[in-house]
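Since chain A is already given, all that's left is putting chain B on it; use the hints.
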Amino acid sequence: MNRSLLLITIPLLLLGCGKSEETRSAAQEVSYSEEDIVDGGNLIIGITGEPDALNPLTAHSKNSKDIISLIYRRLADLNEDLVSFSPQLAKSWEFSNDSLSITFNLRTDVSWHDGEKFNADDVIFTYNLQINETLTWDGYSSKENVERVVMLDDSTVVFHLREKSPTLLMDAVEGYIVPEHILSGIPIEEIESTDFNRNPIGTGPFKFVEWKSQQSVILEKNKNYYIRGKPHLDGIFFQVVPDRINLWRQLQSGDIDFMEKVPAADFKKLLDSWERGDTRIRPYSFLGQFYEFIGWNRIDPENYARVMEEAGDSEPDMEELLKPHKLFGSQKVRAALTTAIDRKTIADVVTHGLSIPMHGPIPPVLWPYNSTANSVWEYDVEGAKAILSSEGWSDTDGDGILDKDGLKFSFEMVTNAGNEERKQALTIVQQQLKEIGVEMKPRVVEHTLLTGRMFPAREFDAALFGWNVGLKMELTPLFHSSSIFIPFNFISYLSPEFDMLEEAAKRETNRSNAQKHWDEVAKLLSWDLPYTWLYYKLETTAVHSRFKGVKIDKRGSFINMEDWWIPLEERAAHDMLAEN
Amino acid sequence: MVAYSLRRLLVTIPILFLGLSLTFFVIRLAPGDPTDRFITPSMSPGLKENIAKKFGIDQPIPIQYIAWMKSVILHFDFGNSFANGRNASKVILDALPPTLLLSTLSLVFGLILGTLLGAYSALKSGSKTDKTLTSLLLFFYSVPTFWLGLIFLGFFAISLDWLPSSQLTSIFHDRLGFFGKLWDYAIHLILPVLTLGLTTAPVYGRFVRNSMIEVLNSDFITAARARGLSERKILLHYGLRNALLPVISILGTSLPALFSGAVVVEVIYSLPGMGRVMFDAALGRDYPIIMAASTVAFISVIIGNFLADVGYAVADPRVRLEGSN
Numbered sequence: 001m002n003r004s005l006l007l008i009t010i011p012l013l014l015l016g017c018g019k020s021e022e023t024r025s026a027a028q029e030v031s032y033s034e035e036d037i038v039d040g041g042n043l044i045i046g047i048t049g050e051p052d053a054l055n056p057l058t059a060h061s062k063n064s065k066d067i068i069s070l071i072y073r074r075l076a077d078l079n080e081d082l083v084s085f086s087p088q089l090a091k092s093w094e095f096s097n098d099s100l101s102i103t104f105n106l107r108t109d110v111s112w113h114d115g116e117k118f119n120a121d122d123v124i125f126t127y128n129l130q131i132n133e134t135l136t137w138d139g140y141s142s143k144e145n146v147e148r149v150v151m152l153d154d155s156t157v158v159f160h161l162r163e164k165s166p167t168l169l170m171d172a173v174e175g176y177i178v179p180e181h182i183l184s185g186i187p188i189e190e191i192e193s194t195d196f197n198r199n200p201i202g203t204g205p206f207k208f209v210e211w212k213s214q215q216s217v218i219l220e221k222n223k224n225y226y227i228r229g230k231p232h233l234d235g236i237f238f239q240v241v242p243d244r245i246n247l248w249r250q251l252q253s254g255d256i257d258f259m260e261k262v263p264a265a266d267f268k269k270l271l272d273s274w275e276r277g278d279t280r281i282r283p284y285s286f287l288g289q290f291y292e293f294i295g296w297n298r299i300d301p302e303n304y305a306r307v308m309e310e311a312g313d314s315e316p317d318m319e320e321l322l323k324p325h326k327l328f329g330s331q332k333v334r335a336a337l338t339t340a341i342d343r344k345t346i347a348d349v350v351t352h353g354l355s356i357p358m359h360g361p362i363p364p365v366l367w368p369y370n371s372t373a374n375s376v377w378e379y380d381v382e383g384a385k386a387i388l389s390s391e392g393w394s395d396t397d398g399d400g401i402l403d404k405d406g407l408k409f410s411f412e413m414v415t416n417a418g419n420e421e422r423k424q425a426l427t428i429v430q431q432q433l434k435e436i437g438v439e440m441k442p443r444v445v446e447h448t449l450l451t452g453r454m455f456p457a458r459e460f461d462a463a464l465f466g467w468n469v470g471l472k473m474e475l476t477p478l479f480h481s482s483s484i485f486i487p488f489n490f491i492s493y494l495s496p497e498f499d500m501l502e503e504a505a506k507r508e509t510n511r512s513n514a515q516k517h518w519d520e521v522a523k524l525l526s527w528d529l530p531y532t533w534l535y536y537k538l539e540t541t542a543v544h545s546r547f548k549g550v551k552i553d554k555r556g557s558f559i560n561m562e563d564w565w566i567p568l569e570e571r572a573a574h575d576m577l578a579e580n
Numbered sequence: 001m002v003a004y005s006l007r008r009l010l011v012t013i014p015i016l017f018l019g020l021s022l023t024f025f026v027i028r029l030a031p032g033d034p035t036d037r038f039i040t041p042s043m044s045p046g047l048k049e050n051i052a053k054k055f056g057i058d059q060p061i062p063i064q065y066i067a068w069m070k071s072v073i074l075h076f077d078f079g080n081s082f083a084n085g086r087n088a089s090k091v092i093l094d095a096l097p098p099t100l101l102l103s104t105l106s107l108v109f110g111l112i113l114g115t116l117l118g119a120y121s122a123l124k125s126g127s128k129t130d131k132t133l134t135s136l137l138l139f140f141y142s143v144p145t146f147w148l149g150l151i152f153l154g155f156f157a158i159s160l161d162w163l164p165s166s167q168l169t170s171i172f173h174d175r176l177g178f179f180g181k182l183w184d185y186a187i188h189l190i191l192p193v194l195t196l197g198l199t200t201a202p203v204y205g206r207f208v209r210n211s212m213i214e215v216l217n218s219d220f221i222t223a224a225r226a227r228g229l230s231e232r233k234i235l236l237h238y239g240l241r242n243a244l245l246p247v248i249s250i251l252g253t254s255l256p257a258l259f260s261g262a263v264v265v266e267v268i269y270s271l272p273g274m275g276r277v278m279f280d281a282a283l284g285r286d287y288p289i290i291m292a293a294s295t296v297a298f299i300s301v302i303i304g305n306f307l308a309d310v311g312y313a314v315a316d317p318r319v320r321l322e323g324s325n
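Protein chains in written order, with this note's numbering: chain A, 1 to 580; chain B, 1 to 325.
Keep in mind the hints are simulated off the structure, nothing from the lab.
Incorrect hints may appear among the rest.
Per the computed footprint, the stretches of chain A lying under chain B, defined by three or more beta-carbons under 8 angstroms from a beta-carbon of chain B, are [unchecked claim]:
#1 53-67
#2 134-140
#3 191-198
#4 236-249
#5 448-455
Every residue, glycine too, gets a C-beta built ideally from N, C-alpha and C.
Just chain B, same shape as in the assembly:
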């Protein structure tokens, strides 16, 4: 198992290298000049060149690439933000916790909701309830995250004024007691988690439903029923347990989707996470931040896939054998 995991990890290194290199060239070749943000009528004529020199973008792109690679590989340094001079890694590290919090809560919420709906739908297979639930899941599967976010924002935060419309905490958060802080986080996170969770749930719901139907129609379930086991035990112990096993594989691969969904949700609800950092960096052509954020995104994709592979290998030993062969 350890050898299998190491092998899988080794394979990811060139993928990461390739992905980041591609990103580097794409953003450098994209139109737009990062020094434009500094242009003011009172600047001296040579200042623009000075800024370009300071950022190292006056050099040919291959030279910039080599310098960037050296800095990242040898020092794990992505450079300083063009916008505010802060170290890019520090900016990303500051923005990562809110994104992880949002993604994790949304994943848990989506997984629980999807599993419950999927399992219930499978039990009522073919009935009106099944069709309604399937349609509902299909709706949330198809609906764009930004659209759902804007609807929730407009309705619950702006029209009804029930929940906060932006930020992760209120301005006096630090002055609240422990439970006050928890409640403050909770009310700020309800809408973002609902938005992201509802668009994540259908992925698991549809998967669990189909898997559950297949399991419930299996011979061993028929055998279990024949042995007189209670329906509850059959459903929970045999049905749901077996149906959930394949979910492990999509759990890992859904991480990148969750990450990109979080970007959209953070922009809509003004959460201080990676999404807003990436959004602002892309608009301002802040190369160091774009590259640092892309690295995190790539790593999350790779970790997601790795976890999916390992998880599946744990669940199904045949995978390891195939891997060994």
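Chain A with its partners taken away, still in its complex shape:
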């Protein structure tokens, strides 16, 4: 790619437009004021896969959502505290006295990218699509508490809710608003295949220009953006480079300006280089939304398959169906296995220290996180052996593997293919469990195949897996008894005590009262151990330091790109070319 840039650069240098790339360290960074901001330049973002769609209602991949976040706007945006909101398409909002409705006052100076005016019709129309099950909008559950949305006038809408909830506002503003004047003419069943999915019209700071299949997506500045003077950049280019190693190389060579999920080892090197002042690529690490865990199957998979088959289309006998797993049905066994696993070593080795060992179900990124609420199972090999011994497990035949009533403590732990970190973690866990006389057979399975076996069929013993959590505190899909047949409760966790505590926590509108309930939930789950939580990952992003005004925090790397700008003296060749 350097050669192609050379072609571009040489004429520009001859014209005196190009600027030399001097190295500037963190210490030498210049501070800028509002007056220094100049518009222009381009940002090239490297992504590993092309988006699946650019329609907020039909897109599912992270790449799609990142691009969509620049093209569309919501009614309000979540602030860094993950509790309060900043106005966007809604300039203000009021709660009713009974907290069962919210009235949004909409901006009247917003236009869609095609010039049409934004108004309350768009909000009502979007809501009606969001709750339509024919579409597969993945924020569906956030609207379940919304009874109806009504329009008072062109710039006022009211969200009526079924019941009080601490997340009323969060649920109401979830999802980007789509244009009624374009989508209303398309039958609902055709929305997922309509041309709009690849030619979006939004109200955001950047307008869609072009999508070259498997190659790139190009956005340009929305000159009529409702926040005057923004955005500063002329354009944002998403370059598809499926291989992360390639992406990293292109970032170093200057072909791209921005990449997320820099591999941990490379990130560490980059951090050192940045601190030494040897690079102009700035590393950012922040609390992300991803954690890794081992899920123990609480039920006997063979029995489950048999009962389900026998039941056919009729309702299965739940007691018979959820017969405990021969090994992991016991809390003491799960506790012993958790105690035998050295989370810190795994986190250090696998993520090069770019993670936090995790002990309970509430991720550190969410407000109810309280590190003291969890029951912490410290790494203790002898302790683990003692627990298993008290449970009657011993090595009677001297083969190094524990047994009990003729049953060997041997099982399979699965993970998905294509994730080197998980494969590595699996190997370490295998070694650590071997020390207490437990035989764990690692098995790496292709992703779709694995989820097919884990989720509907429950055909596994233990699984090393990970969840990407939302910014709303929510554990129902993972552990609530109502989710027992929903894929995410794949370990078949069933606890009336958990159900009660979680429901109370979710109902509570007073923050400190809710915190008490969430602490109880954390304590219960970290004691009961349906999962052995391993570590919470830090996100690793790298951006060329010529971009100023960059804000990256736990909400992600795409939260304020309309504020990004480049000083004239630091413009790169591709900033100049775009202006020609």
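The following block gives chain B in isolation, referenced to the frame of chain A:
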């Protein structure tokens, strides 16, 4: 000749039908659920069933097969991609040009290189040069395309940083002038064409060498020499020309191999072609795309074989007679 060609074409129809039917059943029976990609913790319980219904995969496989056949035969419609809702034929049509470009350039490069090396090797038959060239050809014949691609990628694109490591064009391609665009294509295609061409060349090289040795040892070459014709004329007009005739037959049959090689090369160099489309579709169980891409692959195999047969029939009239009989 026309009757012979038509007959050959007619034979291909049931082969295509059988091949596609087999592919249909194999991918439907393979484990993995296409609806899994839509699963998120916030989805409603009935959504998975809705998606399956929308994709038509809630029906028994024979019913799905009949519906699919009807749609393909009557409307030539492969349905919409499960991943992005785009029409599968459109996805394939978008991805086909880069693959054709890569395959054609690699074929031309492989053919020229193979012919030159094979012919030179034949001329130096038995010498050290012949042995070296034969070993070299054998090496590139045996080496897996993905391995060679990764080596080139690591060395020329990553370590030396001489050439681009991915894509068919740079991001500002549209803003370049005509020659700039050509150069942009060229530098992006060097490594993929080299990778695929080098693994294709040995097929022709070995064939040309053996064929050339046989021709050069023929009586008519001895006769030509006896008539005092120049060695250059003997080699080019009589030797190489006759040695190249059988190459026609392997030219067509090598098309499918070239196609599958292109899949690997496209994945390695992130080229926006059929290879990446098929790779992603297979991982995501995107049935409509898999079937549309398989159809193109089958057709390319059939066309390859057909061209080989016709080409050989043109070159050797005895084939047509045998065919008629």
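Hint check:
1. 53-67: This one holds; 3 residues, not fewer than the three required, reach chain B with a Cβ under 8 angstroms.
2. 134-140: holds (count 5)
3. 191-198: Answer holds; 5 residues pass the 8 angstroms Cβ test.
4. 236-249: That given contact holds, which follows from 9 residues of the stretch 236-249 of chain A lying within Cβ reach (below 8 angstroms) of chain B.
5. 448-455: holds (count 6)
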